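Novice: Sequence:
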Amino acid sequence: DLVFSEIDLPASGADWKTAMRQRAISVRDVLLRHRWAIGLMESRRKPGPANLRHHDAVIGSLRSAGLDMPTIAHAYSLLDSYIYGFALFMANLPFDPSEEVAELGQVTLRAFPLDAYPNLVAYISAMRPGYDYGDEFEYGLDLVLDGLQRAAGSAKRRSAELGRMPTRAPASGTEPPAVTDAARTST
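To convert, count from 1 in the sequence shown and add 888; that's the numbering used here.
It is possible that some hints are incorrect.
Here are the simulated DMTMM-like cross-link-like pairs (lysine to aspartate or glutamate), alpha carbons at most 25 Å apart as the crow flies [stated by the list, open to error]:
id: 1; residue 1: K934; residue 2: D944
id: 2; residue 1: K934; residue 2: D889
id: 3; residue 1: K934; residue 2: D968
id: 4; residue 1: K905; residue 2: D917
id: 5; residue 1: K905; residue 2: D1034
id: 6; residue 1: K905; residue 2: D1030
id: 7; residue 1: K905; residue 2: D956
id: 8; residue 1: K934; residue 2: D896
id: 9; residue 1: K905; residue 2: E894
id: 10; residue 1: K905; residue 2: E1026
id: 11; residue 1: K905; residue 2: D1023
id: 12; residue 1: K905; residue 2: E930
id: 13; residue 1: K905; residue 2: E1024
id: 14; residue 1: K905; residue 2: D968
id: 15; residue 1: K934; residue 2: E894
id: 16; residue 1: K905; residue 2: D944
Label-pair distances were calculated between CB atoms; the ranges are [what the hints assert, rightly or not]:
id: 17; residue 1: E1026; residue 2: S965; range: 16 to 24 Å
id: 18; residue 1: H962; residue 2: T996; range: 32 to 40 Å
id: 19; residue 1: A925; residue 2: G1035; range: 25 to 33 Å
id: 20; residue 1: S893; residue 2: R1045; range: 34 to 42 Å
id: 21; residue 1: A902; residue 2: Y1027; range: 17 to 25 Å
id: 22; residue 1: S914; residue 2: L1031; range: 16 to 24 Å
id: 23; residue 1: K905; residue 2: A925; range: 22 to 30 Å
id: 24; residue 1: T996; residue 2: G1018; range: 15 to 23 Å
id: 25; residue 1: R933; residue 2: A979; range: 20 to 28 Å
id: 26; residue 1: D1003; residue 2: G973; range: 26 to 34 Å
Hints listed in this document are in silico derivations from the structure and should not be mistaken for laboratory results.
Predicted model only: the values in this text are computed from it and were never measured.
We put the beta carbon where it would ideally sit given N, CA and C, even for glycine.
With the hints as constraints, model all of the structure from the sequences given.
Specialist: In structure tokens, the structure reads:
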């Protein structure tokens, strides 16, 4: 719960795409500071208040985009898989991502004949000085968010075809539906 408390929550009322982008960058930064936490973040059967507050804010932001609940489940899974996966990959790189990756790659390939890995040689040769693997996060994140934006449009069209709009987040100050005892004991 301590690690969740360090993650910036999506700003209430902010554009959902901007809010999800800022949240993703915050999660990645927190996970890189607490590399030990990557495998533990969602492992608690009884999450703490910071964890629950975080999840509620993310779901609320996605609801504000007009996503229906099944699409929100897909979106949340996709976002967190990308964020956690990138953080895990970065945490396990055998070098600092800001090092001269192209030079490191060329040193690695010297042990093999040049024609053994022609595509890898072309890839490494095309890298520009100053390339930082960590910068790839935001490029990929924008692709994910653009895809979710298309999904949001599709969800709205499906709802319109059915003659109803997706359920929106309840107005501030309204009570959420009661949680049944069966739901409380299922975790």
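Novice: Confirm or reject each hint.
Specialist: Results for each hint:
| no. | hint | result |
| --- | --- | --- |
| 1 | K934 to D944 | holds, 15 Å |
| 2 | K934 to D889 | holds, 10 Å |
| 3 | K934 to D968 | holds, 19 Å |
| 4 | K905 to D917 | holds, 18 Å |
| 5 | K905 to D1034 | holds, 9 Å |
| 6 | K905 to D1030 | holds, 9 Å |
| 7 | K905 to D956 | holds, 16 Å |
| 8 | K934 to D896 | holds, 21 Å |
| 9 | K905 to E894 | holds, 21 Å |
| 10 | K905 to E1026 | holds, 13 Å |
| 11 | K905 to D1023 | holds, 19 Å |
| 12 | K905 to E930 | holds, 23 Å |
| 13 | K905 to E1024 | holds, 18 Å |
| 14 | K905 to D968 | holds, 15 Å |
| 15 | K934 to E894 | holds, 19 Å |
| 16 | K905 to D944 | holds, 16 Å |
| 17 | E1026 to S965: 16 to 24 Å | holds, 20 Å |
| 18 | H962 to T996: 32 to 40 Å | holds, 38 Å |
| 19 | A925 to G1035: 25 to 33 Å | holds, 27 Å |
| 20 | S893 to R1045: 34 to 42 Å | holds, 38 Å |
| 21 | A902 to Y1027: 17 to 25 Å | holds, 22 Å |
| 22 | S914 to L1031: 16 to 24 Å | holds, 19 Å |
| 23 | K905 to A925: 22 to 30 Å | holds, 26 Å |
| 24 | T996 to G1018: 15 to 23 Å | holds, 19 Å |
| 25 | R933 to A979: 20 to 28 Å | holds, 25 Å |
| 26 | D1003 to G973: 26 to 34 Å | holds, 32 Å |
When the structure is compared with the earlier hints, no violation turns up for any of them.
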